[in-house]
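Please model the complete structure; the sequences and the hints are all you need to start from.
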Amino acid sequence: MPDLAEKELKDALEELFERRFSPKDHEMGEKKYDIASRVVEDAFGVVMAGVCFMDYIFPEVERHSELSLEL
Numbered sequence: 009m010p011d012l013a014e015k016e017l018k019d020a021l022e023e024l025f026e027r028r029f030s031p032k033d034h035e036m037g038e039k040k041y042d043i044a045s046r047v048v049e050d051a052f053g054v055v056m057a058g059v060c061f062m063d064y065i066f067p068e069v070e071r072h073s074e075l076s077l078e079l
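Under my numbering, the first residue of the sequence shown is numbered 9, with each subsequent residue one higher.
Lysine-lysine pairs mimicking DSS-like chemistry, simulated, CA-CA at most 25 angstroms apart: (1) K18 x K39; (2) K40 x K18; (3) K18 x K32; (4) K15 x K40; (5) K39 x K15.
Note that these hints are calculated values from the structure, not bench results. Fair warning: this is a prediction, and the values are worked out from it, not measured in the lab.
Below you can see the structure in the form of structure tokens.
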């Protein structure tokens with residue numbers, strides 16, 4: 009069952025990414041999945057789900073050939 013959940017989540021995230029972001033300007037990085045399931049043995053239970061997006065913005069740096077680093 010976790011394999012099916014991971015496949016469905018992966019497909020949904022890829023579709024979401026393709027609809028929201030231009031592949032020219034963005035790339036999808038590493039994905040981490042933590043999927044767990046338990047059988048509820050009491051008369052009640054709790055269901056929790058979370059999806060977290062992290063965005064890293066790297067500045068563009070111009071390199072000047074006349075600059076040097078001396079140690």
